[in-house]
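Visitor: As a plain string of letters, each chain reads:
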Amino acid sequence: MSTLEIKDLHVTVDTEDGAKEILKGVDLVIKDGETHAIMGPNGSGKSTLAYSIAGHPKYTVTQGSITLDGVDVLAMTVDERARAGLFLAMQYPVEVPGVSVSNFLRTAKTAIDGEAPKLRTWVKDVNAAMERVKMDTAFATRNVNEGFSGGEKKRHEIVQLELLNPKVAVLDETDSGLDIDALKIVSEGVNRFREQGDRGVLLITHYTRILRYIKPDFVHVFVAGQIAEQGGPELAEQLEAEGYDKYVTAAATA
Amino acid sequence: MTVTETARESVAAALEQEKVLSHLHPEGSFLVEDHPVPTGREEIWRFTPLKRLRGLHQDADLSGLLVAAEADVPAGVVLERLGADSPLKGSSGYVPTDRISARAWAAATVGYGLTIPAEADLADPIVVTVTGTGTEVASATHAVITAGPHSRATVVVKYVGSATLADNVEIVVGDGAQLTVVSIDDWADDAVHIGHRHARVGRDATFRHIDVSFGGDVVRHDSTADYSGPGGSVEMLGLYFADEGQFIEHRLFVDHNQPKTKSHVVYKGALQGEGAHTVWIGNVLIRKVAEGIETYEENRNLVLTDGCRADSVPNLEIETGEIEGAGHASATGRFDDQQLFYLRSRGIEESEARRLVVHGFFNDLIRKIGVPEIEKQLLETVEAELEKTV
Ligand SMILES: Nc1ncnc2c1ncn2[C@@H]1O[C@H](COP(=O)(O)OP(=O)(O)OP(=O)(O)O)[C@@H](O)[C@H]1O
Ligand SMILES: [Mg+2]
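Which chain is which? The protein sequence lines are A and B, in order. First residue of the first sequence: 1, per my numbering; consecutive thereafter. First residue of the second sequence: 255, per my numbering; consecutive thereafter.
Don't read these hints as lab results, they were simulated from the structure. Every value quoted in this text rests on a predicted model; they were computed, and no experiment measured them. Virtual Cβ for every residue (Gly too), placed ideally from N, Cα, C. Do not take every clue at face value.
[What the hints assert, rightly or not] Where chain B lies over chain A, by a calculated footprint (3+ residues, C-beta under 8 Å):
(1) 48-58
(2) 88-98
(3) 134-143
(4) 222-230
[Claimed, not checked] In silico contact screen, one side only, chain B against chain A (beta carbon under 7 Å); selected entries:
(5) PHE595
(6) TYR596
(7) ARG598
(8) SER599
(9) ILE602
(10) GLU603
(11) ARG609
(12) LEU610
(13) GLY614
Between the sequences and the hints, there should be enough to build the whole structure, so can you do that?
Guide: Structure (structure tokens):
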């Protein structure tokens, strides 16, 4: 049983003109087994929220708290957060020249588990995870994300999700840049993760189409660094029909 | 074409080669007095800490016999002591381009000649270990490595121990030969090594030079190559790791003096600790005769801590428009925050993430070496260097 709790989160980013507030008081509770979708227009702060949870050094939390099962996440380093059970699938996965996928995955698995995985089963597990997302196992010998297409990078994030099996996964626009087949494959990966029953998912997306494959329990509309509205899956359908206009206008005049 | 025409053409070509006044190509001379004592303001000396050269660039005694070379060679390969008047000396066409090289040329009483016979195909690398046993008196040595026509071989030259050394290494790659020379400076911390290597690459021959520098106090390598016929190919790979207070300089010069020749240069370095300083000068000259050539040179430096300095200067001088391709790249940077964040977000501790990134930085280069035992050893050396600080 694990709960990620975000309370009154304010976050700034350093710019040339000083600190700029991006998140302006975010409240969100993700209990285990729950999938929350966060939807919002470009620039509303969705990635900022994802990065803040993961601890990216570019962002400064100025107010509020993030806890995982009551433990202060903000006091942890980036890698401690991952070892505590948080995972971020990035909107733009990073290329790491000269580091092979297989070395990367093994090092990460060892770090998360606190011991090296059994060699024999590990190779099988990696191959199986790759095959499930229809990634050629030859990718294991390539450098991390280097020269991967946008879709391949996203599949690689899902491979990591399955192998590292965190408590709470934050997926930042894992659907963007995917064609319909890849979208299904990636969604199936997320659903396999969810089917374990006690895993939390924060699914950040700009479009509603992924929600046809991954059914959220809650939908939050994110505008100008805040949650402007929340509801059940029906809210996604409403957004599909009406777009974000009414929220954006409301935020601008507020 | 008649014989006389051919002769006239080659005379014209020779004349053409001589009249190039390239700033990349200092006029050589065997006479020490033609090379005045440098002040440090000269282009070729402006980065080098002359004060730390123990007088090699001035008039320091070079009579030390504190360096010895040893090698096991397979049957057919000739390893000989190289006396001051050996006919091998000068066979690469090299003419000393600076005072230290000219002094070493004149003073060298020890050295070796290593000759691989024509068409020999050697599976295992020949390892030459050059051991220094003291820094009190400077030593000068001379080596000539010759790969006979159509031979194939790998020679590894390892420098270990303590020394104050000025050396010239000539490399002659016969027509159609494939020669790889791996040079590893794994000196003790107090060594000073000013080395010059020149390769003359034959028609359709392939020469690969892999220059690895880890140890020593001051290490400066001038590595130059030219061609004795068309179709030759030169690959120069370099890997260096400078620690606190260490100075490592690489000066390269590829002289495309023949048509249809190729050169590919990639040097990568990492720096860590106060006062670590590296210099990379990559000079490529494409002469008028050198039509249809291809050249690429690249230098990348990874600065791991504060207080380091990496200088990187690629120079390309082109005298013909008829080339296949020419390019260069140079970049010096710190750890990429995004890479570290990505790795750490997968649970990998910061120190481990840094290790992965540094290994990654060198890995692509190490994989290109193609000599498995050297690749393995270098991975371990990188690891050992990283243990020092990161
Ligand atoms: N270094 C920075 N300097 C200035 N503004 C920044 C900086 N980094 C982020 N921002 C701003 O913060 C806001 C939120 O960005 P964020 O990436 O979180 O948005 P998003 O909702 O994920 O958008 P998208 O849908 O395009 O991915 C944007 O207006 C962005 O321009
Ligand atoms: Mg975003």
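Visitor: Look at each hint and say if it fits the structure.
Guide: Results of checking the hints against the structure:
| no. | hint | in the structure |
| --- | --- | --- |
| 1 | 48-58 | holds (count 5) |
| 2 | 88-98 | holds (count 8) |
| 3 | 134-143 | violated (count 1) |
| 4 | 222-230 | violated (count 0) |
| 5 | PHE595 | holds, 6 Å |
| 6 | TYR596 | holds, 4 Å |
| 7 | ARG598 | holds, 4 Å |
| 8 | SER599 | holds, 5 Å |
| 9 | ILE602 | holds, 5 Å |
| 10 | GLU603 | holds, 5 Å |
| 11 | ARG609 | violated, 9 Å |
| 12 | LEU610 | holds, 5 Å |
| 13 | GLY614 | holds, 3 Å |
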